[in-house]
Each structure stands twice: as C-alpha cells, then as structure tokens.
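Protein chains: 2
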Amino acid sequence: LDEAGYEVLDEDMCYELLAETSLGRVGVNVDGRPAIFPINFALVDRQVVFSTGLGTKLTGALSGAVVAFEADWADTASHAAWSVQGCGPAILVEPGSEVEVAARVKVHAVAPVPRRFLVKIRLSYVSGRRLGGPINPEP
Amino acid sequence: LDEAGYEVLDEDMCYELLAETSLGRVGVNVDGRPAIFPINFALVDRQVVFSTGLGTKLTGALSGAVVAFEADWADTASHAAWSVQGCGPAILVEPGSEVEVAARVKVHAVAPVPRRFLVKIRLSYVSGRRLGGPINPEP
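Heads up: the protein sequence lines correspond to chains D and L, in order.
Counting in the numbering used here, the first sequence runs without a single skipped number right up to 306 at its last residue.
Counting in the numbering used here, the second sequence runs without a single skipped number right up to 306 at its last residue.
Treat each hint with caution, since some may be false.
For lysine to any residue, the following SDA-like pairs were computed, each having C-alpha atoms within a straight-line distance of at most 25 Å [stated by the list, open to error]: (1) L/273 x D/172; (2) L/273 x D/242; (3) D/273 x L/172.
Stretch by stretch, here's where chain L covers chain D in the computed footprint (C-beta under 8 Å, at least three residues) [unchecked claim]: (4) 175–188; (5) 197–206; (6) 220–226; (7) 232–246; (8) 273–283.
Chain L residues, not near chain D, derived (Cβ > 10 Å throughout) [said to hold, decoys possible]: (9) 176; (10) 203; (11) 210; (12) 229; (13) 258; (14) 277; (15) 282.
These are computed hints drawn from the structure, not numbers from a lab.
Note that CB positions come from ideal geometry on N, CA and C, so glycine has one too.
Looking at chain D on its own, in the form it has when it is part of the complex (with noise of 0.2 Å):
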C-alpha cells in the first residue's frame, strides 16, 4: 500500500486495466500553457495510441516533448477506483504501418467528425494505484 492507503499495482496490472479501458487523457504544452485532453485510445504492443484531428491537441502532442498520459475510473458509491499514469514520447503513426492497421481497428473516437490522425506515445514508465471492488472499468 502506498502512503494514501492505495495498493500499488505492477507494469503487467497497469496494462491490463489501459487494455479494458477506451477513455484516457493526455497533458501536452499548448503555447507554453500546460493543457489535459481526453483521448479516446487503444493500446497496440503496449504502446498508447490515440486518435485525433488537425488542432490544439495534434500539435501539442507532437512539439518533441515527452506527454504525459493518464486513465482511471472510479466508482464513489462502492469505493472503488484505479489509476494508471506514465510518460513518453508522443510521434505520429505512419499510415499503412502495422500500429496503424492495428488502431484503426481498436481505437473508437467519439467524435462525430472522423479523426484523420493516430498519435502514439511510447510510455517510459507507468505507475498505478487501486483501491477494492472490480477492475473492470467499462463492464
């Protein structure tokens, strides 16, 4: 348990909760600001890859920079709730790659206008915490 009272949870944990999970988000730098944006995800080889169009969120993404990124869910009335959060690099995926072959079929957008563009991030760490109840965050 960590100093909060959540249990600590392993790599192979982390990635199974971002494998059950299709919301997450993603902090870039947008005009020297610091900027969170929901991303509708997948994971392809670990790697998180999400979809997004021309905008804020794209060129934020894609300054060099490493992002961060997070996804969690809770649910207040049975005290349960995890947290998964890492960092890396975030690059465009190459149209006709095989990660993108792959996410197209994985990642769901939301957005009523298609998504044009797939980022990846290659996470250099990750790191979770959790606390009781299910797992599953999208049952």
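With the hints as your guide, set chain L onto chain D.
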C-alpha cells in the same frame, strides 16, 4: 461546433458541469517529467479545490508553475460526452480560511488514509466541449 463536431461550451456551462463533478485530474511536473494525477475536487468560488497527502502530487502542484486541470465524462453507449479543461497557479489552502471550511464539507476524498492538505487552483481560463445526451456525470 468545433472542428471535431463538439459543441463549444461557454464559461458558465463549464463551471456548471464542474460543480456536479468530483473526479478530475491535475497536470504537474515531477522531477522534470509531466505527470497527470486523479484528484477528488470541489468548486469553491469557481476555484478548483482538491485534497491530497504529502507526496509528488502535492510537491508538483506547489512547485510554483502553472498546473493543468481537466474533468470529463463519457457514456460510450449513448455517444454522450463532455470535457472541461483549464490551467492556473496552485496554492495551499490556509487552514481556518473560508475556502478551507467550505472545501472540507464539499471535497470527498476516496483514499482510505485521510488527506491532510487542500490545494486550490485559480483557473485563468476554462474551455469545454460537449457531445449530445445527458450532462449530469453523477446522477
């Protein structure tokens, strides 16, 4: 609508959504790396107040830099979603202050170990997007 097909929310609607929400995220720097942490928060006078213990989240938030904030909600079944984000300076809430008294009532930490510190973020802007469906994240 923005370029992704989302409704762009005005400031009042952003704060209305945040007022109904208790789980958000804060983006800070930890040892030179960007990190996103989940937070249990409440709005007090349009400031985001969250509770935390001693640790990297507290240290990162109080490092003097502007921090990022985000909250979101999504229901994949009904294709309804919203997100609100912003950023601003974070400072420790003074024990005994009006903000502290109000926040102690409104902020409900899910961590098993009591969270000693309250941190407030004075948002310099908020920006929000929404897609169809009900807006209440915690009915």
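Now the hints, each set against the structure:
Taking the CA atoms of residue 273 of chain L and residue 172 of chain D, the gap is near 21 Å; set against the 25 Å cutoff, the hint holds. Distance check on the hinted pair: residue 273 of chain L and residue 242 of chain D sit about 17 Å apart at the alpha-carbon level, within 25 Å; holds. Between residue 273 of chain D and residue 172 of chain L, the direct Cα distance comes to roughly 21 Å. Compliance with the 25 Å bound is thereby established for this hinted pair. Figure legend: the region 175–188 of chain D, annotated as covered by chain L; annotation inconsistent (0 residues with Cβ-Cβ distances under 8 Å, at least 3 required).
Counting residues of the region 197–206 of chain D whose beta carbon lies closer than 8 Å to any beta carbon of chain L gives 6, which reaches the threshold of three, so the coverage claim holds. Counting residues of the region 220–226 of chain D whose beta-carbon sits less than 8 Å from any beta-carbon of chain L gives 3, enough to reach three: the coverage restraint holds. Using a Cβ-Cβ cut-off of 8 Å, 10 residues of the region 232–246 of chain D lie near chain L, which meets the minimum of three, so the contact claim holds. Coverage of the region 273–283 of chain D by chain L holds [criterion: at least 3 residues with CB-CB distance below 8 Å; count 6].
For residue 176 of chain L, the non-interface assignment is confirmed: its Cβ lies about 14 Å from the closest Cβ of chain D, beyond the 10 Å cut-off. Interface exclusion of residue 203 of chain L from chain D breaks down, the closest Cβ pair being 4 Å apart, not more than 10 Å. Chain D leaves residue 210 of chain L outside its interface by the beta-carbon criterion, the shortest separation being 17 Å against a cut-off of 10 Å. No Cβ of chain D approaches the Cβ of residue 229 of chain L within 10 Å, the least distance being about 15 Å, so the stated non-interface status holds.
With 10 Å as the threshold on Cβ separation, the claim that residue 258 of chain L sits away from chain D holds: the shortest Cβ distance comes to roughly 16 Å. With a cut of 10 Å on Cβ distances, residue 277 of chain L falls inside the contact zone with chain D, its closest approach being about 5 Å. Under the 10 Å C-beta cut-off, the non-interface status given to residue 282 of chain L relative to chain D is violated; the minimum distance is some 7 Å.
Consistency note: the structure conflicts with the earlier hints numbered 4, 10, 14 and 15.
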